[in-house]
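Novice: Chain by chain, the residues:
2 protein chains.
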Amino acid sequence: MVRTELSDLGEFGLIEHLTKDVKLINTSSLKGIGDDAAVIDHGSLKTVVSTDLMVEGIHFDLVYTPLKHLGYKAVIVNLSDIYAMNAKPTQITVSIAVSNRFSVEAVNELYSGIHLACQIYGVDLIGGDTTSSIKGLTISITAIGMAAENKLVYRDTANIGDLLCVSGFLGGAYVGLQLLEREKQIYLEDKNMQPDLENKDYIVGRLLKPEARKDVYEFFQKCDLKPTAMIDVSDGLSSDLLHICRQSKVGAFVEEGALPIAQETSLKAMDFKLPPSTCALHGGEDYELLFTVKPKDADKLKYALDIRIIGEITKPEDGIYLHTTGGKRRELIAQGWQHH
Amino acid sequence: MVRTELSDLGEFGLIEHLTKDVKLINTSSLKGIGDDAAVIDHGSLKTVVSTDLMVEGIHFDLVYTPLKHLGYKAVIVNLSDIYAMNAKPTQITVSIAVSNRFSVEAVNELYSGIHLACQIYGVDLIGGDTTSSIKGLTISITAIGMAAENKLVYRDTANIGDLLCVSGFLGGAYVGLQLLEREKQIYLEDKNMQPDLENKDYIVGRLLKPEARKDVYEFFQKCDLKPTAMIDVSDGLSSDLLHICRQSKVGAFVEEGALPIAQETSLKAMDFKLPPSTCALHGGEDYELLFTVKPKDADKLKYALDIRIIGEITKPEDGIYLHTTGGKRRELIAQGWQHH
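Chains as they are written, first to last, in the working numbering: chain B, 1000 to 1339; chain F, 1000 to 1339.
Don't read these hints as lab results, they were simulated from the structure. Ideal placement from N, C-alpha and C gives every residue a C-beta, glycine not left out. One or more of the hints may lead you astray.
Derived pair list, reagent style BS3-like, types lysine-lysine, alpha-carbon separation capped at 25 Å [said to hold, decoys possible]: (1) F/K1293 to F/K1150; (2) B/K1248 to F/K1293; (3) F/K1225 to F/K1134; (4) F/K1295 to F/K1314; (5) B/K1248 to F/K1022; (6) B/K1183 to F/K1134; (7) F/K1022 to F/K1150; (8) F/K1293 to F/K1213; (9) F/K1221 to F/K1327; (10) F/K1248 to B/K1019; (11) B/K1248 to B/K1225; (12) B/K1183 to B/K1272; (13) B/K1134 to F/K1183; (14) F/K1301 to B/K1022; (15) F/K1314 to F/K1327; (16) B/K1299 to B/K1150; (17) F/K1248 to F/K1225; (18) B/K1134 to F/K1299; (19) F/K1295 to F/K1221; (20) B/K1221 to B/K1272; (21) F/K1150 to F/K1327.
Not the full set, but computed from the structure, chain F residues with beta-carbon under 7 Å of chain B [what the hints assert, rightly or not]: (22) V1047; (23) V1054; (24) T1130.
Produce the complete structure using the sequences and hints provided.
Specialist: In structure tokens form, the structure reads like this:
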């Protein structure tokens, strides 16, 4: 295994090395890496900007996170925010701080995941910053997207009577984290071993290699469906629903029986003696889209195989409740994702 | 002294606390903090994006850096990049990772500097991320600006025969750093003491509280002067000139005698037995603008008191040289700023 010290390249060398193969694909990317700033031309469309910071030891554990997956996920997390505005991501900037514990090969691996996500999602890497750190790895990504003004969907525009919907399955990433934390000991015994995920569980993939719901965004455009409010499920369904309710000044209920939970997630959750619906409600990092639609638009959801109606928006004084499968009403409180 | 633990507020509490007084001032800021992403409307103007990452122990030392100044500087560094595109900064996003060594009051101080810079430079804080870190403080800022397409100035468009110009004075920040490193011991003896800069030297201010050259940008617009190429002096004049030359495929010479060095900088440099021109050439973090203009535009610089012509762009085969005051030619090699 070749190990090139970061100091062998120097800062400019490293930037050049990491970005030399970047080709701009969006016509709106007028100027990419290599100047004081990038230049984006969104003409008469609106520009949407989102940013996220990921810190080693807080957001990820390199014992069981392959660097390529980490790079991929760091991009996905940001694109998910752009899709949650009902906008199309077009550019990202990537800044990293790395300690000399990392070799150039390691940083390469990280960037190969970043480049792969860019390629798959049709996004241009247009700039960033690379610096050293005293300890550990920090990744900061800013994503930029575009949309026509009348297409943008905010969090504060849900209306009483709207249907509450979610894409995909919930709770998988949370259960995947429990599994990896348990298996961490195995990896620790051979520190040179990078975890191999090729034949790992669905739930491990949900944590380590999530996708952003580009397809759901595209479905909205294709069937001309505009959600009334939307957020991505990063902190956990309950926490993210609370954001919509608080900002829209409404209440809501969620039907426990309607929560979409993959079978693999349910089985593994029960292994851990965790109620699957608790994982779905309070686990985070699923990067699904949680949104509300007008009742008259329910019809358009009929053919969306991967979207489910899980509840309804109610009057603010009704509060925010879970209707359990046992017929009880339980108030929903944000428990959020553990690293917050 | 009150100390509120960051954990008392929680992530959402902290974001709300830090941003509750943010008022958007640019009409292009359609949506600020509080959704998945911010929304910017730049109509038919071009959007310019720049990002920088600052890491404790690498880019700043809290022993002698008051947190308010640090927040201010973190913004300035990014705005300087936008001005270096001949664009007007309009928005920033701020992400921070803080360890529990920092109290809410400390983070407040940091943000008070960020807010002050936003206010002075007329920029909106539109989003960001706040998270914990295992160790130390990391600040990641992305600045967004706008310009008409034909006003944008890049690094790769300098022409043979153009005059090489720089704003303000050089080397001050570098000498300020030497001074503070020497005095660090004094501060270390009383760890609770935050350095007081009110009556400190000009050069300490150059390092700890730099300004971005908004006035120079405005001067360009007022007298309808468009530089042919431009960069901000962050890594050091020689290093940044090399960027222009390499990307424009030209050579250049700099007249040592024309280097603008403040008297305070010269005197203190000599105290440290450093040639002042070495500080001006290789010191970094001055955040002045280094740019080239067509010879016929020299006339417009006549009344710009704070801009000096320091050299000329030459053929690529002529290389990049310093003409010393002693009449020698010395090749300029990037030495850059020590943390890179």
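Novice: Give a verdict on every hint.
Specialist: Comparing the hints with the structure gives:
Between F/K1293 and F/K1150 the alpha-carbon distance is near 15 Å, which keeps this suggested pair within the 25 Å criterion. A hinted pair counts as satisfied when its Cα atoms are at most 25 Å apart, and B/K1248 with F/K1293 does not qualify at roughly 58 Å. Between F/K1225 and F/K1134, the direct Cα distance comes to roughly 45 Å. Violation of the 25 Å bound is thereby established for this hinted pair. Between F/K1295 and F/K1314, the direct Cα distance comes to roughly 19 Å. Compliance with the 25 Å bound is thereby established for this hinted pair.
Of the supplied pair hints, the one linking B/K1248 and F/K1022 holds, its CA atoms being roughly 21 Å apart against a limit of 25 Å. Between B/K1183 and F/K1134, the direct Cα distance comes to roughly 22 Å. Compliance with the 25 Å bound is thereby established for this hinted pair. The straight-line distance between the Cα atoms of F/K1022 and F/K1150 is roughly 29 Å, outside the 25 Å bound, and the hint therefore fails. Between F/K1293 and F/K1213 the alpha-carbon distance is near 22 Å, which keeps this suggested pair within the 25 Å criterion.
Under the criterion of a C-alpha separation no larger than 25 Å, the hint pairing F/K1221 with F/K1327 is inconsistent with the structure, at around 39 Å. Distance restraint check for F/K1248 and B/K1019: the Cα-Cα separation of roughly 18 Å lies within the 25 Å cut-off, and the hinted pair is therefore satisfied. Annotation: proposed proximity of B/K1248 to B/K1225 holds, straight-line Cα distance about 20 Å (limit 25 Å). At most 25 Å may separate the alpha-carbon atoms for a hinted pair to count; B/K1183 and B/K1272 meet this at roughly 19 Å.
For the suggested pair B/K1134 and F/K1183, the alpha carbons sit about 22 Å apart, so the restraint of at most 25 Å is met. Our distance criterion of 25 Å between C-alpha atoms is broken by F/K1301 and B/K1022, whose separation comes to about 42 Å. Taking the CA atoms of F/K1314 and F/K1327, the gap is about 19 Å. The hint holds against a cut of 25 Å. A C-alpha spacing of about 17 Å is found between B/K1299 and B/K1150, which places the hinted pair at or below 25 Å, so the restraint holds.
Between F/K1248 and F/K1225 the alpha-carbon distance is near 20 Å, which keeps this suggested pair within the 25 Å criterion. At roughly 49 Å between alpha-carbon atoms, B/K1134 and F/K1299 are farther apart than 25 Å, so this suggested pair is violated. For the proposed pair F/K1295 and F/K1221, the alpha carbon gap of about 17 Å is at most 25 Å, so the pair holds. About 42 Å separates the Cα atoms of B/K1221 and B/K1272, which puts this hinted pair outside 25 Å; it is violated.
Distance hint between F/K1150 and F/K1327 is unfulfilled; the C-alpha atoms sit about 38 Å from each other, more than 25 Å. Hint status for F/V1047 relative to chain B: holds, with the closest Cβ pair at about 5 Å, below 7 Å. Because the closest C-beta pair between F/V1054 and chain B is about 5 Å apart, less than 7 Å, the hint holds. Taking 7 Å as the C-beta cut-off, the interface hint given for F/T1130 holds, the closest approach to chain B being about 5 Å.
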